[in-house]
Each structure stands twice: as structure tokens, then as C-alpha cells.
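Since the structure of chain Z is already known, use the hints to place chain P on it.
Number of protein chains: 2
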Amino acid sequence: MSTDDTTESECGASSTETNASNAESAESKCGASRTESPGSEAETTESECGALTSDATASSSSGCGASTESTDEKVGATADDFDADPGSLVAVGLGPGHAEGMTQRARAALHEAEHIVGYTTYIDLLPDEITENADELYDTPMCGEVSRTEEAVDRALAGNHVAIVGSGDPNVYALGGLALEIVESKGATASALDFEVVPGVPAAQSCAARVGAPLVNDTVSISLSDHLTPMPTIESRLHAAAKEGFTITIYNPWSRKRRENFEKCCEILLEHRDPETPVGVVHGAGREDEQVRIVELGDLEELGETDLIDMTTTILVGNEDTYVWDDRMVTPRGYESKYDY
Amino acid sequence: MSTDDTTESECGASSTETNASNAESAESKCGASRTESPGSEAETTESECGALTSDATASSSSGCGASTESTDEKVGATADDFDADPGSLVAVGLGPGHAEGMTQRARAALHEAEHIVGYTTYIDLLPDEITENADELYDTPMCGEVSRTEEAVDRALAGNHVAIVGSGDPNVYALGGLALEIVESKGATASALDFEVVPGVPAAQSCAARVGAPLVNDTVSISLSDHLTPMPTIESRLHAAAKEGFTITIYNPWSRKRRENFEKCCEILLEHRDPETPVGVVHGAGREDEQVRIVELGDLEELGETDLIDMTTTILVGNEDTYVWDDRMVTPRGYESKYDY
Chain Z
0 MSTDDTTESE
10 CGASSTETNA
20 SNAESAESKC
30 GASRTESPGS
40 EAETTESECG
50 ALTSDATASS
60 SSGCGASTES
70 TDEKVGATAD
80 DFDADPGSLV
90 AVGLGPGHAE
100 GMTQRARAAL
110 HEAEHIVGYT
120 TYIDLLPDEI
130 TENADELYDT
140 PMCGEVSRTE
150 EAVDRALAGN
160 HVAIVGSGDP
170 NVYALGGLAL
180 EIVESKGATA
190 SALDFEVVPG
200 VPAAQSCAAR
210 VGAPLVNDTV
220 SISLSDHLTP
230 MPTIESRLHA
240 AAKEGFTITI
250 YNPWSRKRRE
260 NFEKCCEILL
270 EHRDPETPVG
280 VVHGAGREDE
290 QVRIVELGDL
300 EELGETDLID
310 MTTTILVGNE
320 DTYVWDDRMV
330 TPRGYESKYD
340 Y
Chain P
0 MSTDDTTESE
10 CGASSTETNA
20 SNAESAESKC
30 GASRTESPGS
40 EAETTESECG
50 ALTSDATASS
60 SSGCGASTES
70 TDEKVGATAD
80 DFDADPGSLV
90 AVGLGPGHAE
100 GMTQRARAAL
110 HEAEHIVGYT
120 TYIDLLPDEI
130 TENADELYDT
140 PMCGEVSRTE
150 EAVDRALAGN
160 HVAIVGSGDP
170 NVYALGGLAL
180 EIVESKGATA
190 SALDFEVVPG
200 VPAAQSCAAR
210 VGAPLVNDTV
220 SISLSDHLTP
230 MPTIESRLHA
240 AAKEGFTITI
250 YNPWSRKRRE
260 NFEKCCEILL
270 EHRDPETPVG
280 VVHGAGREDE
290 QVRIVELGDL
300 EELGETDLID
310 MTTTILVGNE
320 DTYVWDDRMV
330 TPRGYESKYD
340 Y
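These protein sequence lines map, in sequence, to chains Z and P. Going left to right, the first sequence walks through residues 0 to 340 as numbering that gives the first Met the number 0 numbers them. Going left to right, the second sequence walks through residues 0 to 340 as numbering that gives the first Met the number 0 numbers them.
Chain Z on its own, in the form it takes in the complex (with noise of 0.2 Å):
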């Protein structure tokens, strides 16, 4: 049980067990499961969802969402499924994206943690010391949210001290919440489990400033997915933040589904804002692919049909004060003549 053995399917999760653990056996609704003691047989079980785990035994490989035989599946465990102790499950914000974004604590916490979980593209910008040090990591890819968030939760309730992983900060529209909400419908504590939130640099942060100094004074942050919250609600919030004079950061601004809602987004803030307004484009922030641009609001929705926005970008839209100035934006910080500069 101390190989190195890494399982991965197009779609689906892999778990890579990196050293000895004492886990056991729990599997979850949604498909992210894993069956594994010291001794145990060797055992692949893939779900809808596509999670997919192997022992340090097996290997196996799928397209998304390919079923493979399961022994032992318990659907949406509950905290009385678990005959262990609880472990602990800390929900740890990476920071924007690559290793140096990440704080010290952070990285103390995924030290210290015998699991690591997350969505496969974090998992793997991890330090190697990190993972290396880990006894299991556990990655899915985008589409199982929820489910390698179970998983998670599964795993400590198991017994073992877990990190689920996300970019940026667990409480800007990520895992906090999510992980909380899954451990009450178990029927466990977040007491029990020592849950603990790691914060770390938000989306919004480390975009801001790439671009110099655009959200300085009052701010809003706003999602453009309708998936969880309803888009009259999305729009009714565009409106009242670019009438009030709050910079605002967009989240989720682009996807094919959601090309409306862009649409929608650049009308309201035009009815309220100078169509010159400084606008902050950050597309894949930290990522080898990054693409930093300044651009004026009135252009904003014609660069929907571009490649610099989609769902790794983040917009930075100035107030009425905001400027550009040697290639930064600058929102002044109030009433100028406050200062004695």
C-alpha cells in the first residue's frame, strides 16, 4: 500500500494514493468513492458523476461517466455509516492559482493533512512536496463539485485529516458554504469534524492587482451564473452596484450556456456608467495562459466574442472616478482635496 499509482479517466476523478493509510470503506450519492483498507482487495468503482478512485493496486482508466463494477456502495453515507473517530476536514484556499498566491498557513494545513481533495487542475499546480507528503490525494475534474466535496466530507468522517482545496478563497463563491451544507445533511458537526476555513487571496484580489489599483473604495462582487442564483436577482444586483457607485468585480462572466447573461450585464452597467468607464479584463490570472487588459466599458460586450473572456476571467469595472494612468487603472481613494499631497 505505499506504491505510487495514479488512476485517470477523461471525466472522471483520480486518487493517487502517495503513502500508507488507515482509510476505510464509505461511498457517497454522488458517485465520488473509494473502497480501501490495509489488506483490502483491489477495487475500481466509477459513478455518474464520474469520480473514480482505485486502490494502490489497481489501475483503470474510462471515458466520463463509464460504470465499473462496485462491491460495497452506500449511497449519501450519513455520519452513522462511519464506525471511526472523526478525522478533520479544513476547506483550504489556494490563492490565485500557482504556488507562491498560496499563504503559509495554507500550506502548513495541507501539510498536515493525510488527504488532499479538489478539482483536478488545483490538485495539480500543488508544490510537489505537498502532494508527495500527502497519503492520498483525490481529484475530479470540473464537472463534480459536489461530489468531491462529499467525498470529502466522507473521508473525515472516516477518520482521516482532510484538505479540500479550492482557488482562491473557500467563502468567495466556492467550497466553504458547500462543505458546511454537506456536513449538517449528513447528520454530523462541523464541531465534530474541527472544520476549519483557511482563507486565502480571492479572484477578485489578485486580478485587481495585476491591473494596479481599480477596487480600492466600497465594492461588490457579482456572479454572472444563473445556475444557483436566479437572473432577475443577478441583474437587480448589476443595477443597484453601478448606480451606487461601487466598482464591481464579475465572476463566471462567459460560458456558451451563459452568453446572455454577459449581454445582459454589459446593457445594465452602460445604463448607469460612462461607456469610457475603465474596465479590468484578467483572463486565466496566474495561469501560463494569462491575458491582462485594460479596456473601456462601451467595448466590453464586443470582447465576449473573443477568446479573453470566458470562465477563467474576471472583470474589473472602475466607478464613476476611476482612471487609467500608465497602464493601470486607479480608483481614487475619495475626496481629493482631503489629501494634503
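These are calculated hints, taken from the structure and not from any lab test. Here a beta-carbon is modelled for each residue, glycine too, at the ideal position from N, C-alpha and C. Hints are supplied without guarantee of correctness; some may be wrong.
[As the list claims (entries may be wrong)] In silico BS3-like pairs for lysine-lysine, Cα to Cα no more than 27 Å straight-line:
hint : chain 1 : residue 1 : chain 2 : residue 2
1    : Z       : K242      : Z       : K263
2    : Z       : K263      : P       : K242
3    : P       : K263      : P       : K242
4    : Z       : K263      : P       : K263
5    : Z       : K242      : P       : K242
[Stated by the list, open to error] Some residues of chain P that are not near chain Z, with every Cβ distance over 12 Å (derived):
hint : residue
6    : A108
7    : T130
8    : M141
9    : H160
10   : H282
11   : G283
12   : L307
[As the list claims (entries may be wrong)] Covered by chain P, according to a simulated footprint, are these stretches of chain Z (three or more residues, beta-carbon under 8 Å):
hint : region
13   : 75–86
14   : 122–133
15   : 167–181
16   : 186–192
17   : 242–248
18   : 318–332
Same frame as chain Z, but now just chain P:
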């Protein structure tokens, strides 16, 4: 020029030279002054703003605002007053205040800096390995934010590699914009100074982590300080944010001067939200006197009478869906029916 020598005043700056430096002479309007070069005469200069420095052979101490002899004061130095090629200026967000909340990039930026400039409290929180590595530390108490930032700019214009530090993130009610405004006012450019912002974990996120997951959805930050924003604007923003279902982070909730603002804020929030709405109150996050409480909105104004709420306090106001469970605030991510657990 390699001795450790610290000069301090009750409300003045202190400059500590920890190593040899090739600093040039430059002084600024606000009195953040420093005169020093290898082999120069010992000099001490202090100004109205309380900024006080000395070279390594001088030492002095005075009350706030005491003046001492100045031999070479230039008021409001501009870029043209400096003969050297510009150095560099980096605005570094330290995060929650304790060293483990700092990112690796922040730590690296401070290691690279020859001069580190900041509010005394934050300079004191830096790890020894960083402060001992710098050629010079320059810190002033709270009263000197503009002069301190100008001092950092002047030092950079004089050819030094300078880091100016603040807690949280430089884009959140902080020095990012101020630094750029001052660079511009001096006729210099951000490019020439190789100006960079290193983001940090904002107070909203570090405090949210302490109470669970209160900010998971669309969220707003509002400062109650009317020093730079007129109170009617603040009130209007509070109304809009509360009405639109944003979670709300309140910065600068309280000081003797701003008691009325806090009361007004509580009244406005109660016009739109239930008195039982959960509110997280975090006092002195990451400091020795840290206190964390979850209260109800209806009790918030009364708490303003206690030590819990002062200028080191951050307040996190839940939205209509936020609930308290197991001593944590949880803001669900959206339609509960969207989840399959």
C-alpha cells in the same frame, strides 16, 4: 552604517537602518524625511506629521509633532528632484496580520526589498528573518498614512527597492491607490518605478473564515468611515446592498468620531433585514485580543457600546438565507434544489 539603531517617538516615525544602503537624500511635504548617505553627517528631522528618521549614528525621541532641526528639507519632492535612476516600489498586502497569513509572494517581495515602509503595528508583526534582511525599516504610527506612503515613493525615486506594507490587501481601503496617486502627483510613472501590487487576504475573507462560510454568494464591502466618502453615499450604498440580498462586510465600523455612522448603519440594515439575521463580529483578527462572536442583527447596535466593536473590528452581515448552525454562519450557495445530496 551597519549598526542597528532605532529612533522612536510617541506619535512619530522610526527608521531603523539594519544594513548598509546607498540611499539618497530626499524629503517630502508631509515630513516623512530621511537624510542619509554613506559618510554623511548625523541628522535627525521630524515634521508636523510625526515622521522621524535618523541615520545610524543619531538617535532621538520626541512627542507627536515635536520639531527638530532640519538642514535640507525639500517640500513635496518631485521626480525631478532625484538624481538617481528610479528603484522600484511594491505595495505588499500582508493578509490577516500574523506572518502565517502572508503569501509566499509577499514574503519574497519583502526579502527582495532594500527598504520596508509601513504602519508601526504591521512592521512589528513581520518575522525577524525579513526585518533583519532589509537595509532599512521605516515605520510611522496610524496618523501618518499619506506621509508614510510618500516616504516610500520618495525612497523608490531615490533609487531604492522599496516595499510598502499594509494588512489585508492593497486594493481594499488601502495603499494601492494612494501609492499610485502619489507617484502620479510627483510627475513620475508607475512603469519607471516598476510599481507592483502583491495581493493579500483581505479582512473580509480572513474574518469570514473565522465564523464559517458567511459570504459565499454575491457580496459587498462598505466602509463606515466618512473621512473619504460622504455619509449620504455610505447610507445609500447600505440601503442598496441590504435590499438586494448581498452579504455585507462592514469595514471601519466604529470610532468615537464615527459612533453615529454605526448606529445609522444598524438602523438601515434593520429596515431591510430581519432582526434575527446572523451577524459575525470579529475583533482584532489574528491579534492577541482577537474575539469572534456570532450575534443577531437586532443586537448589533447595542454591541457598539462595548469593546467588541472598534476600529479593529470587521462585521459580516448575513443575507436572508444565512443561518447559524453549530456555531458557524452558513450562507447557502443558492437554490437548494439544485443540489443532489
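Of the numbered hints stated earlier in the document, which are not met by this structure?
As far as the earlier hints go, 4, 6, 13, 14 are violated by this structure, in ascending order.
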